[in-house]
Amino acid sequence: MIEFDHVTVTYDGAVAPAVRDVTFTVPEGELALVIGRTGSGKSTLLRAINGLVPHFTGGTLAGRVLVNGRDTREYRPRDLADVVGFVGQDPMTGFVTDTVEDELAYSMESLGTAPDVMRRRVEETLDLLGLADVRDRALTSLSGGQRQRTAIGAALTSHPAVLVLDEPTSALDPQAAEEVLAALQRLVHDLGVTVVMAEHRLERVVQYADRVIEVPGGIGLVSTGLPADQMVTAPVAPPVVELGRLAGWSPLPLSVRDARRAAVALRSQLADVKPLRRAAVTGAELAGCSNLIVGYGTVTALRGVSVSIRAGEIVALMGRNGAGKSTLLNALVGIVPPRSGTVTAAGVDPRRTRPAKLVKAVGLVPQEPADLLYAATVVDECSGADSDFRVPPGTCRAVLERLAPGVDDQLHPRDLSEGQRLCLALAVVLCGAPPLLLLDEPTRGLDYGAKRRLVEILRELAAAGHAVVLSTHDVEMVAEVATRVMVLADGELVSEGETATVVADSPAFAPQVAKILAPLPFLTVGEVATALERAS
Amino acid sequence: MRAVHRLTLPRALHPGAWWLWALGMAVAASRTRNPVLLVLILAVTGFVVAARRTDAPWAHSFTAFLKLGLMVIGIRIVLQALLSTRSQGNVVLFTLPQIPLPDWAAGVKLGGQVTLEAVVTALYDGGQLAVMLCCIGAANALASPRRLLKSLPGALYEMGVACVVALTFAPQLVTDARRIRAARRLRGRSRGSFRTTAMPVLEGALDRSVELAAAMDSRGYGRTAQVPRRQRRITGLCVLLGLLGILLGVYALLTDSLAFPFALTALAIGLLLAVGALGIGRQRVTRTRYRPDPWALPEWLVTAAGAAAAAVMVVAAVRGVHGLLLAGPLVVPPIPLLPVLGVLIGLAPALAAPPVRQGAAA
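As you go down the protein sequences, you meet chains A and B in turn.
Under full-length UniProt numbering, the first residue of the first sequence carries the number 1, and numbering increases by one thereafter.
Under full-length UniProt numbering, the first residue of the second sequence carries the number 1, and numbering increases by one thereafter.
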């Protein structure tokens, strides 16, 4: 169905090709998963499938891409629209109309489908993706999962043979990701659609893949294979695979279910060992809010939230999209005014402190990391950050090098990949090392390596007496780094406690290792590894 | 009778019908400065909006336009008070300090005595503009401009898309700017510069438009049938001329500045040219339309109601019916029977338009 034949893509003005000498085939009806580090060229590869690279982006494509027998050299993206459906990273930016039904019909309208066929297919797609209840709703009023399903539906209605998705679940909470993946499963199994998707959250998707395409980036060659084979050596791997590698299971399990079956021996081996946990943090209270009420217009985002954050803690905020996590973080840094209640952050009232003084007390990486970036090159951004936060020159650049090694100094921040841009924003805020550090979704688009390096930095900061609050959907990250978890729902704090107790009871928030080894209280592969060492 | 002709079957009325009705009411408002009639027109449009609007976000725009109207009146009164001359009346309300102006500005006066007559005239003039604005607000609330653009003829499709995209981007820019301003605090900067405020907003907008263009391209936007270049140019020219004619005609009708027959002729020729050109232009378009809004009996009735209200007022103005214009600012406004009845016809859509579907956004 899709054939890449010695494809090399070089963007205009770039020194090195974005992807080099790629050769692979995806047969009809398969779900192919593209994996690789942040900025390794996954998006370029996906965009080459429907001809956006090079027709839309510019640059030079050497080699040949065949999709359903059509050569992308001769067919522009619009001429491939009946064969390839494309869903970009952020569904909101790809929406052309303003209601769900119109959006679903848009590609069919462009292709000139007959009105009665259109009507029928829209109804079918609404049912297939479970969107019938929201058919008349404005796109802006949808939840994240609904938006992503609408974007998939909009690509599907023209009955393309191939569906290409760029990180379909990375911005979604676990439940919404489940919805989207279930919908994709149905497409592959029932309709025989060929799906190619890139995703960093391998723990969510790898079990569904029929084929893995690994893009190493740099000078390495793209390799493809069955997921179980490819995962043995892949540099990015979900916890289930890491655990499998640690325990030496063969074949390597990819789903929690397979791993549980393989883990019988491991569970009995670990039965008497308790995981080493850091003792609960008992530092002085560093920040907090009490009876905080925040609203926008007629919507109340937080209804009476009281939290207290101690020095040396890493607190994870979890909850659905729209539960009030970002609002709480923004209130702690004084961006949104509270309707009532008090906020203190590292000894100051964030609403009444001058920005220059405030950044010495509290730092926030917002959900849209690009908001923090002003300069035209990475190196200017870093030196700007050094002077903003009054730290020695080179500090920010050093943090960036640690998070994402090898970012080109002269690139414009907007030309970085999503993950690299986030690393840059993280570096900008981390270099000031404020006593209270707030991170809003700090793992969107980050690969496992970058996440691990971020975890290390956060642990160091916590050990030095800083407090960190991060809002995230990434349960694996929470299990790895958080000492305490707060769950928000509908603007209220619904549960709060030690990470192990909060995440382990909940089916949605439990990390993979906890699911595999339940009822044993292990959360991460690291804990299992140290426990095994101590046992032997 | 086909289902779409029924007045009671809940469905969304064709957006074009709402806009024509609203324009009719605006034309009616443009013919009078009688506050009684103006308030009546406002009440009629407000009632129809209350009766037939949906829960969609844009359905609240009537209130926004009402506020805008009040602002217009306020500005008008303040300017009048500052610049008015004694010649406008004898009843002096209060005296502002007068600022002496150089000789070349003779005839312009800043400050000084403010008369009741001047203020009341400003109130009525501003009121007329405010009511016309509210008519547009009513159309906005009842049918979003996006929906109207959706029913544009095929040949104008590309232009329509450009407008829709612009309509989405404008509010997005405002939210972006607000977010970026807030984020500036996070870098410890109190004051913004072009580099730290406008640039990120513009870069973000550019990024988004490139993304959107990529998405539209991959969804088949811009597939067209081949037509000779000359034919394409001629159609383009005809559309332009036609639109110009329509514009001229509507302007003349609204402002009274050109003779009535001339305005009608310009409008007619413009319409003819535009419709013809659009018909030819359609050959190039291969796209189809999903669930086009039907144009049936309710649409005709709503349009007719607006047209009737406008016609009554225009005819009354041409005939010089007493009561459309006031004899002086301070007289008690009369209640002219015929124009009042004419404006009341504008209420018809509250019944003639089908009721709103429950839970529908558009």
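The reader is advised that the hints may include incorrect statements.
Sample of chain B residues at the chain A side, in silico, Cβ under 8 Å [claimed, not checked]: (1) L68; (2) D103; (3) W104; (4) Q113; (5) E117; (6) T175; (7) R189; (8) L212; (9) A215; (10) G220; (11) R289; (12) P294.
Hints listed in this document are in silico derivations from the structure and should not be mistaken for laboratory results.
Source: prediction; values computed, not measured.
By construction, the Cβ of each residue, glycine as well, lies at the ideal position given by its N, Cα and C atoms.
Hints, verified against the model:
no. : hint : verdict
1   : L68  : violated (19 Å)
2   : D103 : violated (50 Å)
3   : W104 : violated (47 Å)
4   : Q113 : violated (44 Å)
5   : E117 : violated (42 Å)
6   : T175 : violated (11 Å)
7   : R189 : holds (6 Å)
8   : L212 : holds (6 Å)
9   : A215 : holds (3 Å)
10  : G220 : holds (3 Å)
11  : R289 : holds (6 Å)
12  : P294 : violated (12 Å)
Comparing the model with each numbered hint stated earlier shows that hints 1, 2, 3, 4, 5, 6, 12 do not hold.
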